[in-house]
Structures are given as C-alpha cells and as structure tokens.
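Novice: As a plain string of letters, each chain reads:
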Amino acid sequence: MPPENASSVRPTASTAAVRDLSQAPVAIEVRDLEKSFRIPTHRVDSLKERMVRPFSSRDYRELHALHGVSFDIRQGEFFGIVGRNGSGKSTLLKLLASIYRPDAGGIRMAGRLAPFIELGVGFNVELTARENVVLNGVMMGLTPQETRRRLDAVLDFAELADFVDLKLKNYSSGMLVRLAFSLMMEVDADILLIDEVLAVGDAAFQQKCSDAFREMKAAGKTIVLVTHEMPSVEEYCDRAMLIDGGKIQHLGDPAEVGRRYLRLNFERGSDAQGGEESQDGGAVRVLDAHVENEQGETVTSLEHGEEIRLRLEVEALRDIPGLDIGFVVANADGVGVFQYGFPAGEGDESERSITAGQRVQAASTLGNLLAPGRYFVHCGLNYAFGGGIALYVHNAMDFVVFGGPSGRGIVFLPHESEATIEPAQKSV
Amino acid sequence: MSPGTNTETIASPQLADVHGPSALGGGRRRFFDLLWLMSMTEFKRVYFGTVLGYLWSLIRPLMLFAVLLFVFTKVFKVGHNLPYYPVLLLLGIVLFGFFQESTQNSVSSVVAQEGVVRKTQFPRLVIPLSVVVTALFNLCLNLIVVFAFILAWGVDPTWTWLLLPVALAAIFVLTAAASMILSVLYVRFRDVLIIWVVAAQVLFYASPILYPIEAVPESYQHLIFINPLAPIFEQVRVWMIEPNAPTAVDVVGGASGLIPAAAIFVGVCVFAVWIFNRDAPRIAEEL
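Keeping their order, the protein sequence lines are chains A and B. Take the first sequence: its position 413, counting from 1, is numbered 413 in my numbering, and each next residue is one higher. Take the second sequence: its position 64, counting from 1, is numbered 64 in my numbering, and each next residue is one higher.
Chain A extracted, bound-state conformation (with noise of 0.2 angstroms):
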C-alpha cells in the first residue's frame, strides 16, 4: 500500500480543510536505512592503554539501531515520529539531522532543514541573547546579515526584545526556552525538524507555539515531529510513523498510529523507563491511561491549581475474584508525592468478582496542589482480599504542571498565615 495515501483517510484533521498531499513533491525520501552502534567491551580511552595492548579495542558488540527504513515524507506535511525509548526513533532524527551518518541506504531531502534536536542546544550561555541568535542562526544555514535583519521577529516572538543585550546566563528557564522556540520559527527552513519541544512556556505561549505551528503547516512547510506525546501527534499531525525495534511498525493515520503505541506499550514487558511487570503473566491488561482536564479533555499539561483526572480502563484476561487500584505519583526526579488506591466495585466477594473480558473503567480526580514540572503515575492492580499483585505499570501515565507559585519544593499547600510584630517596648 502506498503510504501516502493515508493522508487523506484521515478522519478529523485539525486545520480547515483536509488536505491531499499525496501529489506533492517528496520533501524527504529515506531508503533502507541502516545504522549500528559498536559498543566497546573494554573502552580503552587513553594512549598509553592503546600503546600497551593495541588490539584491545577491536572487541565489541553490535547494538543494530535501524533495520531497513524506508519512507516518504511529502512536502508541506506534517509528519509524526512515534517510539518508545530505544525504538530507534532518536537514531533516525539524528540520521536525518546529519548528525550521524548512515551505515548503509540513503536520504535525499529537497531545501533547507533545521534541526531542532533540544530546544537551546546551540546557546552559549556567556554571550547575550544577540550573539546567540546571530551564532544560532547561521548554523541552522542563514547567513550573518539574515539573521541579524529577523532578529528583532525573534525577539518580538519572544517577548524579550528588553533583553537583547542581556547574557543568557542571567535569563530564567522560561526566557531561554522562548527564545530558543521563537529562533526556531523565524529561521524560515523549507524542513524543520523537531524533537519533543511543544510543551515549552506557560499557557499563554503555548497557545502562540501551537498558532505558529498552524501558521507554519498553513504556509506549506514540511515538519517532522519526533514525541511520544500522542495527542500532540493527533492535533498536528497529517500522517504518524510508529517505529520499534528499529523498524517501522506502522504509517499512516495518527490516531492508528496513537492507539497502537498505547498497545505496544501497554503489551510490552518491561523497559527502562516505561513497562509493566505482572507477578503471573498477566490476569489483567491496560488497555488505556490518560491524563484528562476538568472538562475531560485529554491533556499533557495542567495549570497548577487546575484538577487532575486519570483515567485508566482494565480488561481481565480470566476470573479473578476482584481488584484494587493503586496510583503513585512521582516527580521527575523519581520522588514519590503521594499515593492512593480504591477499589474496582463496592460491595463483598460476589459483587466486586471480574469475570474474563470484563472491563474495568477508573476515573480519579486529584486537586492539584502540585509545584510546577513533570509528573509520572505508576499503577498498581492488586488482587482484591489480599491476593497480591496482579500487575504493576510503571510511568503508565505523565503530566506537565505549569503556572502556579514559583519557589522551591514539589507541593504548593494552601495556607494561613499571620505573622505579628510585638508592639514596641516603651523605654521608661
């Protein structure tokens, strides 16, 4: 089947019109892409171990990254990258960057592309914002006096133009990450590449990020987007390309794409940063878990203060005698905040059973005193009356905290507080 047919299967496109691309011009072609890392057994990293023992370093592993790539990427489409860590997606963004160079198969690509592997990754934090957009722009393949006439639209975008002469060093996080998102749309590539950069910035330039992105789509740009943020993948997106174990599951429709990325990670044993593990192959199955909004949208990224609903639907693979639900909710640095659980069903023995290919569907709603940053929710299903562990997936799901109280600590509690000053002591 011919890929890019796809396109136009799509049922809900987010622009104004659907538009049919498969007649467009190829932007980027990829032939039998091939790429493997050798992986020394013994690293030897000075001289004089290499002068000791020349043939030490010959011995390593293969680590075989992508198998056999191909696609298309047509122009003026927006193109969805979609993996789990270790899939190979981040080889093949960084193949596609020149970053690295491909063991074998080809890339042709027509115009321009800048690369945005992360956000700010060019920035010398000792120059001042000036430098820096100039420096940045002429690596992305402008020259020095083009990048000196969009430097005020960078800065306009930014919202910084007060700070053109201030070090980077002295900017705040937000401030950094503006600018490096207004470069990126000013610099006016025919490609652009982008790697998990769309929730930068509070609301407010997250809502002109996402208008840029429109603009940029509308004005017929070719955009690659590499996440595992699926509805960013659903909002933006005329066509996904799943990729796992270095080779490409799926192409073509986001939302297929999307639901058999949930799959593949809700099916898969465990990795390193996301899996499941069951105490017996597996009673109980997830067959969803998002983070939704108060008005039930699915979300990656809340304002502090707004309410917090997961949503998590459980399918039991055989008779199990009842199910208790448990959530963790870390912080990025892997610190627990807090934990909860709740039944599956009220009621004794009889009532609370799950018999095979029942499901089970969970909805909890969380105040959100949390401080601003990333959170990951594990999930915990234990047999109920004491049975055990059913099956534990970890980073099931995760959320953005933004806005809020700035400060130190995970949490903001609400307080009272008084402080009083003892009236002054009248010298006699």
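The hints are simulated quantities; they were obtained by calculation from the structure and are not laboratory data. It is possible that some hints are incorrect.
To give an idea of the interface, some chain B residues facing chain A are shown, with a C-beta separation under 7 angstroms as derived from the structure [said to hold, decoys possible]:
| id | residue |
| --- | --- |
| 1 | Leu-15 |
| 2 | Arg-45 |
| 3 | Val-46 |
| 4 | Arg-278 |
The calculated DSSO-like cross-link candidates involving lysine-lysine, where the alpha carbons are at most 30 angstroms apart (straight line), are [as the list claims (entries may be wrong)]:
| id | chain 1 | residue 1 | chain 2 | residue 2 |
| --- | --- | --- | --- | --- |
| 5 | A | Lys-169 | B | Lys-44 |
| 6 | A | Lys-167 | B | Lys-77 |
| 7 | B | Lys-119 | B | Lys-44 |
| 8 | A | Lys-217 | A | Lys-247 |
| 9 | A | Lys-167 | B | Lys-44 |
| 10 | A | Lys-217 | B | Lys-119 |
| 11 | B | Lys-119 | A | Lys-169 |
| 12 | A | Lys-247 | B | Lys-119 |
| 13 | A | Lys-167 | A | Lys-208 |
| 14 | B | Lys-119 | A | Lys-208 |
A virtual CB, placed ideally from N, CA and C, is assigned to each residue, including glycine.
Please build the complex by placing chain B on the supplied structure of chain A, with the hints as guidance.
Specialist: Just chain B now, kept in the frame of chain A:
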C-alpha cells in the same frame, strides 16, 4: 509495514543527497561565516568582557619575557652580549605563545562542545579552528606591542618586514593542523592533553627562542632544525631584526638540509586532514 519500493519518478528536482556529518559540512559559505562569528564572539567575550581582559593576555607573555630576560642575561649570560637578544626573545615568546595557547586550548575544544556536536548539525572543523583564529586575533594585538618595542630598541625598519605574514601563515597552518589532530584524538584518548603539555614544552626548548642558533654546537643545529618551527623562527629573526644573522638555509648548509623539517610540516598537515575527515562523521557517536 514498510512502504516498500516507491516507483514514483516525478520526485522534485531539488532532492539532494544528505551525506551526514563531516568536517566542513553544509557548504563553504556557512563554514566561514560560522568560523568568523565563533572566533569573533569568543574573542570579544574574553578580551572585552572584563575590565582587564586584554591586559591579562598581554601580561602573561610580558611576565615570561621579564623572567627569561633576567635569567638568560644576568644568570646564564647566554644573551648578555647579543645586542638584539631582548627583542628576539620577546618576538619568539609571543609567536610561540600563539602556537602553545592555540594547541592547548583546542585539545579539549571538541569535547567541551559536546552538546552542540551531539545535537546539531555542525561543521566539526569550525570548533578547533575557531580556537586558533581567536588566538590569532590575540597574536595580532600582541604584535603591535612587540613592534613598538622593536622600534624603541632601535631596530631599523627594512622591506623584509613585509615578509612577516609569510612566516605567520606558516605558523598558523602548522598550529591549525596540530589543533585538528589533538582535538580529534582527545575524543578517544583523554591522556592526550597531558602528553601535549609536555610535548609543547619540548618544542619550546627545541626552537631558537631562548638562544641564538649559533650558540648551539654545530652537530646539534641540524637536530634542532628537524623541528619545523625552528627554521620559521630563524627566518623571522633574519627578516625582522638581524638581517645579518644566518638564515635557515645557512644553518643547515643548503636548502636540502631543510627537507626533514618540510617533510614533517607537510606530514602533519596531511595527517591532520586525513584523521579529521575520517573521524568527524563519528565524533557524535564517540562522545
């Protein structure tokens, strides 16, 4: 689910091969723009960012000069009866300082820019070269001071002063080549820095800076002139300060005597280009 063979032939004419990372990567124009910008911003940052910025970079060679001048005219009396010893010493220190500063700073330059190398498409060669160019700006400023000193010492200007850029170009090329080799070796071998600090010391004593070449026993003069820096420094002496001093050719007794130094010079350059081109595409993976 691979899309398989696409028989489409109406591909856009602008489709061009992507070759992956390389030393020059992304066109000559961008390379030189980046080189200039990076060197200039770094230079401005170091020398105009602080009040004493530029003065510090001048104080270092001047201090060294003062110490060595005292030791070698008052203690060891190597230069006490050579009328131009102080000017020669200063010029030599400033020129060698350029070589030493550039090479030592560039050893860790590629590794220090790890974030940029691993996450952006970037002509790798810009990194060590911008270190050398930054040092070159510094050298040009220092040379103004040296010129003032030369004139004040009573050296008569001659037309051969115009040949100084030739010597500078030769030193620049050798410095750049050494920097390329060192920066790319350091990615894999972290003891390169220690080795190079010692090697640079050896090169300093193996160049006619502290002593005039005539002071060396004749049988050792050939040995010293294997060091490619030695004939360059000797020519600078003849062109700039003492037109009657032995030229590099005189020292080794005929142009053929310069072949070993020239061979090493060319060898270092060729090796630099070869190793940098070989390793540049893989630097991001090695880090």
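Novice: Against the earlier hints, flag every one the structure doesn't satisfy and list their numbers going up.
Specialist: 3, 4 and 6
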